[in-house]
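Colleague: As a plain string of letters, each chain reads:
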Amino acid sequence: QKEVEQNSGPLSVPEGAIASLNCTYSDRGSQSFFWYRQYSGKSPELIMSIYSNGDKEDGRFTAQLNKASQYVSLLIRDSQPSDSATYLCAVGGAQKLVFGQGTRLTINP
Amino acid sequence: EAGVTQFPSHSVIEKGQTVTLRCDPISGHDNLYWYRRVMGKEIKFLLHFVKESKQDESGMPNNRFLAERTGGTYSTLKVQPAELEDSGVYFCASSHFSGYEQYFGPGTRLTVT
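Chains as they are written, first to last, in my numbering: chain A, 82 to 190; chain B, 5 to 117.
The hints are simulated quantities; they were obtained by calculation from the structure and are not laboratory data.
The beta-carbon is built from N, C-alpha and C at its ideal position, and this holds for glycine as well.
A couple of the hints might just be wrong.
[What the hints assert, rightly or not] Only pairs whose alpha carbons sit at most 27 angstroms apart, straight line, appear in this in silico BS3-like list of lysine-lysine:
(1) Lys148(A) x Lys83(A)
(2) Lys55(B) x Lys148(A)
(3) Lys83(A) x Lys45(B)
(4) Lys82(B) x Lys123(A)
(5) Lys148(A) x Lys45(B)
(6) Lys48(B) x Lys82(B)
(7) Lys19(B) x Lys82(B)
(8) Lys148(A) x Lys137(A)
(9) Lys48(B) x Lys123(A)
(10) Lys58(B) x Lys48(B)
(11) Lys123(A) x Lys45(B)
(12) Lys137(A) x Lys83(A)
(13) Lys83(A) x Lys48(B)
(14) Lys58(B) x Lys45(B)
(15) Lys123(A) x Lys137(A)
(16) Lys82(B) x Lys58(B)
(17) Lys19(B) x Lys55(B)
(18) Lys123(A) x Lys83(A)
(19) Lys82(B) x Lys55(B)
(20) Lys45(B) x Lys19(B)
(21) Lys82(B) x Lys45(B)
[Unchecked claim] If you want the ones that stay clear, here's a sample from chain B, every Cβ over 10 angstroms from chain A, calculated:
(22) Val8
(23) Pro12
(24) Ser15
(25) Gln21
(26) Thr24
(27) Ile30
(28) Ile47
(29) Ala71
(30) Gly75
[As the list claims (entries may be wrong)] Examples of chain B residues lying across from chain A (beta carbon under 7 angstroms, computed):
(31) Glu46
(32) Phe49
(33) His52
(34) Glu105
(35) Phe108
Let the sequences and hints guide you as you build the complete structure.
Modeller: The following block contains the structure:
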């Protein structure tokens, strides 16, 4: 079993709809949770961080964390073509990050 | 504020040669990390510096890899001798001393032929 699991996709969503990205993790001691966006050939860009159970909203992005279920998700509202990218879930414990394989998201105009 | 920079952006070397990758973290960031992504796999942790000290090098694949961080500023990752399986994208990231959020550089794509 991988430490951090994501559906690799591709996930295709029409423009203006809500994109929902999911991630599960195996280490119950994990303390920090991140979503990175990566465009092809570019660096991973930090878009959301969440540390406690519940929802955290930032603009069109909402991160949700459920430690009991070892589950973290990212919702993107009003999806735009520019949101098309690979989204990486990363889980942190003692500083280092453990990444999932990433979910490729395509927003269709 | 300048981001994390890495040099070179791309390196092609032959098996058995030596390559040195460089990372300049965001100014003032004490934590510096190296990660690697090989084809088709997830990004994996290699090692972590706090200032000039190695905090965690549990992800280093073998003793052909040597990382240094001179004076707690920039870092280098040397691969000697390079093997075919070392091909991949090497990312550097940095964070504040007490921060969990890591900011990534653009990566160095290493191709070993």
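Colleague: In ascending order, which of the hints set out earlier in this document are inconsistent with the structure?
Modeller: 2, 17, 22 and 28
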